[in-house]
Amino acid sequence: MCERCVVIPNRLGLHARAAAQLVRTANLYTSDVRIERLDGSAAADAKSLLSVLMLAAARGTQLRVRAEGEDAEQAIKHVCEVIAAGFGEE
Amino acid sequence: MSETHKEDYGAIAVSDFRAQAPARLHLQFLAGERGAMTRQITSPRIQKLGLALAGFKHYIHSGRVQLVGQSEIGYLAQLSTDARREAIRNLDLNRIACALITKNLVPPHEMIEEAERSGLPLLQTPLVSSEAITLVSEHLQYALAPREIRHGVLLDVYGLGVLIEGRSGIGKSECALDLIARRGHRLVADDAVEVRRIAHDALLGSAPELLREYMEIRGLGIINVRELFGVSAMSNPKTIDLVVRLERWAETGDVERLGLDEKHVKILGLEVPRVLLPVSSGRSLSTLVETAVRVHLLRARGTDAAQNFVRRHAELLQASEEDDGITVAKGHASRAIKT
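Going down the list, the protein sequences come from chains S and H. 1 is the number of the first residue of the first sequence in the numbering used here; add one for each residue after it. 91 is the number of the first residue of the second sequence in the numbering used here; add one for each residue after it.
Isolated chain S, as found in the complex (with noise of 0.2 Å):
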């Protein structure tokens, strides 16, 4: 198991679209990735869209990347870069 801790750092939050880019990441792996905000109020299935949906993080939401499997650890740097790297917005 590993695991990894990002912020989104964008305007508009984890939103729709970049929801789905984040679960289109993700389903890239074979690991099972799972995305929990740090304050324990929610958790999410990465390549589940609506279960992303859920997470609700918006902007400066703390966010906690978590993965098992071969892949894992790609699998979560692939998936945080996407998120710190604000989804390719400001």
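No lab work stands behind these hints, which were simulated from the structure alone. Careful: at least some of the hints might be erroneous.
Claimed, not checked - Which bits of chain H does chain S cover? Going by a derived footprint, with three or more residues having C-beta under 8 Å, they are:
hint : stretch
1    : 315 to 325
2    : 346 to 354
Said to hold, decoys possible - Covered by chain H, according to a simulated footprint, are these stretches of chain S (three or more residues, beta-carbon under 8 Å):
hint : stretch
3    : 16 to 23
4    : 47 to 60
Unchecked claim - What follows is a set of in silico ranges between Cβ atoms, one per label pair, in the way DEER data are often shown:
hint : chain 1 : residue 1 : chain 2 : residue 2 : range
5    : H       : Thr377    : S       : Glu70     : 32 to 38 Å
6    : H       : Ile307    : S       : Asn27     : 30 to 36 Å
7    : H       : Ile312    : S       : Cys80     : 53 to 59 Å
8    : S       : Gly40     : H       : Val355    : 44 to 50 Å
9    : H       : Thr224    : S       : Leu50     : 54 to 60 Å
10   : S       : Leu28     : H       : Arg316    : 46 to 52 Å
11   : S       : Glu89     : H       : Arg373    : 41 to 47 Å
The beta-carbon is built from N, C-alpha and C at its ideal position, and this holds for glycine as well.
Dock chain H against the given chain S, drawing on the hints supplied.
Frame of chain S; chain H shown alone:
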């Protein structure tokens, strides 16, 4: 890999025009039949010879059907024999695709002779000019429309023309069979669909004559849909409103997750909405196609579930940022899903 091959149908031989024209026209050759194979009609618009007979030939278009009605026949009748022949010769009969005499009028024998001499197909119809013009131009519009053959199955699903495409062996015909046999939708064409751009914004799909009513199902061979499932399982030619593309899961690069952006495919220069469906075991394709059509119908009437959902989610995000309160956000989230 291209699955289409273009056949630009910009012209039709007069002989084909006569053979394919609506039966109501009762087209008969009066003269010049030998030119019918070589002379080409290239425009669906029709002209009346009219003023050209009086010497004003400026606007004669060579690729159009030239109509000869009561006024032309009457004009010629009051000329002297010599003047009549002169007027007809002046038309430059080699340049005209064909002439059509309406109301079963009898043309002067000079006209028949000249047409025979130059190989100008001279046709006759019992219909009056106005009716003949409508029928002929409608038929030519169809016959001359740009067209191509597409590899796929065209169905009428809930009244919408749905073209199912995908590589051979992906299960297009099986999916279509399920939609026809178990769900009461209707077949237009299997395997090869003739697509015509019949207007600047409409594509009409039909079955090639030979394939009409037939499908090929692997393991069963060639079946006749009308005999097996009745005449209600067959549809007339249908406009193409939606393209559903089936792809193997592994080949599908970018599957739509949100359904916010409508994708299109270009057919004969027109953009047609396209849905990409990944195929894998456990996915009922016919249900997916039906649902895709329902979504499309709803969207066309202004209801877009994806957009509504995304708007609600955006409001939720905004609210949670303003409150900066976790419990509030969580409360919103669970409410958003329930309502």
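Cross-check of the supplied hints:
no. : hint                           : verdict
1   : 315 to 325                     : violated (count 0)
2   : 346 to 354                     : holds (count 3)
3   : 16 to 23                       : holds (count 4)
4   : 47 to 60                       : holds (count 10)
5   : H:Thr377 / S:Glu70: 32 to 38 Å : holds (34 Å)
6   : H:Ile307 / S:Asn27: 30 to 36 Å : holds (34 Å)
7   : H:Ile312 / S:Cys80: 53 to 59 Å : holds (56 Å)
8   : S:Gly40 / H:Val355: 44 to 50 Å : holds (46 Å)
9   : H:Thr224 / S:Leu50: 54 to 60 Å : holds (55 Å)
10  : S:Leu28 / H:Arg316: 46 to 52 Å : holds (47 Å)
11  : S:Glu89 / H:Arg373: 41 to 47 Å : violated (33 Å)
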